[in-house]
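Colleague: Top line first, the protein sequences correspond to chains A and B.
Quick note on our numbering: the first sequence kicks off at 1 and runs consecutively.
Quick note on our numbering: the second sequence kicks off at 1 and runs consecutively.
In short, the hints are calculated from the structure, not lab data.
Honestly, I wouldn't trust all of these hints.
[What the hints assert, rightly or not] What follows is a list of derived Cβ distance ranges for each label pair:
| id | chain 1 | residue 1 | chain 2 | residue 2 | range |
| --- | --- | --- | --- | --- | --- |
| 1 | A | 179 | B | 9 | 51 to 61 Å |
| 2 | B | 201 | A | 204 | 54 to 64 Å |
| 3 | B | 65 | A | 321 | 35 to 45 Å |
| 4 | B | 29 | A | 22 | 51 to 61 Å |
| 5 | A | 291 | B | 121 | 50 to 60 Å |
| 6 | A | 346 | B | 124 | 34 to 44 Å |
| 7 | A | 14 | B | 9 | 41 to 51 Å |
Glycine included, C-beta positions come from ideal geometry on N, C-alpha and C.
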Amino acid sequence: MDMKRDYYEDIQLLDSKVLWFWFLMLIAALVTFPFLAPSYYIYMANYMAINIIVTIGLNILVGYTGQISLGHAGFFAIGAYGTVLLMKAFHFPFLFALVAAAFIAAFFGFVLGLPALRLEGPYLAIATLGFGMAITQVIGRWEVFGGRMGVEAPALSLFGISITTDLGRYFITVTIAFLMVLGARNLMKTRVGRAFIAIRDSDIAAETMGVNLVYYKTLAFAVSAFYTGVAGGLFAFLLGFISPSTFNFILSIYFLAFVIVGGLGSIFGSIMGGIVMTWLMLELDKIQELPYLGGLLIGFSEKFMTVAGLPNIASIIFGLIIILLVVFEPLGLYGFWIRTKIYWKTWPF
Amino acid sequence: MSDVFFSVDKLCISFGGLMAVDGVSFTVAKGTIFSIIGPNGAGKTTIFNCISGLYKPSSGSIVFQGEEITGLKPHKIAQKGIARTFQNIELFSRMTTMENLMLGRHVHMKTGVLSGATFFRRGSRAAREEILHRERVEKIIDLLDLQSARNHFVGNLPYGTQKLVELGRALALEPKMLLLDEPSAGMNSEEKQDLIFWIKDIQDELGVTILLIEHDMKMVMDISDRVLAINFGRPIVEGMPDEVQRHPDVLKAYLGEEEIIGNAA
């Protein structure tokens with residue numbers, strides 16, 4: 001640990017050579033990973049990157065600004081449908097469509113932020129819940145959006161290169177996620193992020209110190225929705241096909257679970273939350289393939305549950321893990337990380 | 001009127017029929033310390049809340065530097081150069097001291113979402129602005145001897161230090177007028193002594209006009225240029241500190257009608 005010499009080091013991302021080294025290692029690992037890993041894991045990595053973006057977006061709102069949203073599946077849907085339709089109907093290039101769709105999501109975020117000026121806690125939760133459900137309903141009933149049948153994602157190409165594999169999507173998704181993580185981290189270190197946190201900790205003090213509550217609360221919603229919209233746009237291409245049922249209300253709850261499991265008000269926690277929860281979700285989906293336990297669970301679900309029993313078991317285990325994590329480590333995975341770090345620093349004392 | 005720095009005229013506010021503040025008027029000259037005293041529930045903090053825009057007065061007017069500020073939003077009033085502290089500390093508890101004070105610089109900074117999210121070099125605009133204002137904040141940290149608390153979360157700091165951080169945050173706004181709501185509450189006598197020096201410093205060296213609510217009579221008498229005593233939302237008397245202290249109605253308000261027992265403080 002060397003002494004700080006100037007104020008830039010207070011906000012610098014990498015303030016030591018050691019950190020630079022690990023940062024470059026991380027980039028190297030991210031670049032080489034898809035060439036070494038089997039295709040399924042590349043798909044999983046894409047899924048994780050998308051969920052990291054959503055988790056950070058939602059964390060900006062919930063963890064940093066202290067608001068709540070149970071409607072983020074709505075923004076996710078706007079991002080996904082927006083990107084796909086802008087490309088299909090208006091022939092926007094991919095990146096342009098993605099950003100435009102994210103801005104549409106941000107606009108809806110701003111609109112949803114307006115009631116947040118008057119509502120708090122449970123009231124805001126219900127208002128945002130209504131928003132999320134309404135978006136799915138509207139999309140499902142509107143022919144332009146493909147109705148209940150959904151729409152297929154168009155062919156993806158970037159700078160003239162056609163992208164058809166998980167490998168190609170990996171580089172787009174992970175690069176965008178990487179930049180958005182850095183962006184969020186920087187944002188939270190500067191004026192706007194501080195205003196968000198100030199609103200969370202004491203909105204009265206924030207406004208008497210010159211923070212315009214109307215502006216910054218709606219801005220937090222807009223930024224959060226922007227992130228979620230980008231993730232939604234990427235998600236459309238991950239699945240290749242989207243339908244309204246993908247963006248149901250449970251998805252919003254999942255997003256919130258990612259944030260809480262990762263750690264409220266922590267970018268690093270959001271990354272861990274996104275990674276761990278995505279892995280858990282995907283692994284639990286094929287729980288019946290587990291060597292010994294799988295057979296037992298199938299037997300159990302056939303005996304006591306309906307035909308659709310197995311996914312239920314996955315949900316139960318998923319829920320159980322969330323409960324245990326939150327009970328034993330309220331700061332989520334981030335708190336766990338901090339404790340481990342302190343433990344190793346002070347070991348063997 | 002324009003030569004009057006700050007004035008409150010016939011300020012009234014009622015909460016569901018209860019007149020919390022009822023016809024309070026006073027003027028404050030630039031660069032002076034003006035104290036408001038009164039028993040608990042007299043309406044002192046309510047006056048502050050009206051000035052800083054948290055409450056909208058039912059009637060009356062508040063004029064700051066010749067400009068009507070009655071009923072403006074709190075952040076607008078902060079932009080005009082009025083900062084305040086709170087009776088029950090209102091800090092950003094999960095921010096460090098440094099970050100709390102940096103938030104005080106909010107109105108002087110410009111960084112928006114895009115430039116904030118995309119600084120990656122020392123020379124970028126957001127980084128330069130950040131560095132510049134951190135230097136300013138460091139001066140306040142030095143002034144108030146907060147170096148040891150600099151990188152601690154304020155929620156974990158001792159009460160007296162938290163009070164100072166709050167004072168520092170208000171100073172970071174570079175206010176023309178500072179509203180201090182019981183700044184010495186919960187401090188020990190040594191901390192109170194330091195606080196008196198700092199308040200004098202703020203008045204003398206920074207040229208800040210100070211509006212003070214305080215229960216510690218010794219402190220009020222020591223540093224105030226003018227004192228206003230109120231009770232039940234109504235003004236009792238305004239004048240020089242010792243004039244007010246000796247005024248029979250003030251003693252009555254604090255001690256009741258009966259025989260005076262012990263010393264008033």
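Colleague: Now tell me, hint by hint, if it's right for this structure.
Modeller: Evaluation of the provided hints:
Between residue 179 of chain A and residue 9 of chain B the beta carbon distance is about 55 Å. The supplied range of 51 to 61 Å therefore holds. In this structure the supplied range 54 to 64 Å is violated for residue 201 of chain B paired with residue 204 of chain A, their Cβ-Cβ distance being about 27 Å. A hinted range of 35 to 45 Å is violated for the C-beta pair residue 65 of chain B and residue 321 of chain A, which are about 60 Å apart. Range check, residue 29 of chain B to residue 22 of chain A: Cβ separation about 59 Å, and the 51 to 61 Å hint holds.
Against the hinted window of 50 to 60 Å, the Cβ-Cβ separation of residue 291 of chain A and residue 121 of chain B comes to about 52 Å, which satisfies the hint. For residue 346 of chain A paired with residue 124 of chain B, a C-beta distance near 37 Å keeps the hint of 34 to 44 Å intact. Checking the proposed 41 to 51 Å range against residue 14 of chain A and residue 9 of chain B shows it is violated: the Cβ atoms sit about 57 Å from each other.
Consistency note: the structure conflicts with the earlier hints numbered 2, 3, 7.
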